[in-house]
Amino acid sequence: SAVISQKPSRDICQRGTSLTIQCQVDSQVTMMFWYRQQPGQSLTLIATANQGSEATYESGFVIDKFPISRPNLTFSTLTVSNMSPEDSSIYLCCWRTGANEQFFGPGTRLTVL
Amino acid sequence: GNSVTQMEGPVTLSEEAFLTINCTYTATGYPSLFWYVQYPGEGLQLLLKATKADDKGSNKGFEATYRKETTSFHLEKGSVQVSDSAVYFCALTQATNAGKSTFGDGTTLTVKP
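Residue numbers (this note's numbering), protein chains in the order written: chain V, 33 to 145; chain G, 57 to 169.
Next up, chain V with everything else stripped away, as it sits in the complex (with noise of 0.2 Å):
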């Protein structure tokens, strides 16, 4: 199966800044999706990164505070724009196989002060 990295695997930074993380497959993959990892809790999808046009975002996260990226079948990018510590998580990329088995980026821990 497609192997997936991110960059960064963590940064603390300022409020009010922004961060954009990427996420690379090492082969072609047709599904790819954004989530977020609050401490101690659950994965809560962000959206849907489609290739070649917008992303599809889920209740409660919008475009210009999460803009996505997907140029290609093996690279997308998520921005968390203008920063607060309620920003404070960790960010996962992963991409799903049509058997809809879901295999997981090692994730960005992403400290915002």
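Now the stretches of chain V that chain G is said to cover, found in silico as 3 or more residues with beta-carbon under 8 Å:
1. 71-78
2. 128-138
Chain V residues, not near chain G, derived (Cβ > 12 Å throughout):
3. 49
4. 51
5. 86
6. 114
7. 119
No lab work stands behind these hints: they were computed from the structure.
No experiment lies behind these values; they were computed from the predicted model shown.
Glycine included, each C-beta is placed from N, C-alpha and C at the ideal position.
Keeping the supplied structure of chain V fixed, place chain G upon it in accordance with the hints.
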């Protein structure tokens, strides 16, 4: 909407003890069911899956059986090891919901030597 309910943790066991982590779900139709594991400081990894009623998923000594009549997918292992200490997530994916996944809240397992 879909939902997944997991046994609350944390769960603490001695090495070689029997493990059960309960998982029940609410969904229409026939979702695929999964268990994911998250080791400390890492992303989620697929542990096992079942795609139809009465299927048994198994991996690394863990097992779970898809029970349609009780809408359950309990995770079991006959003899846990210290290295099994992790957070375990039950999840479902339903093709009729655009393939989106719903995750339980996670159960933290600590195995003591």
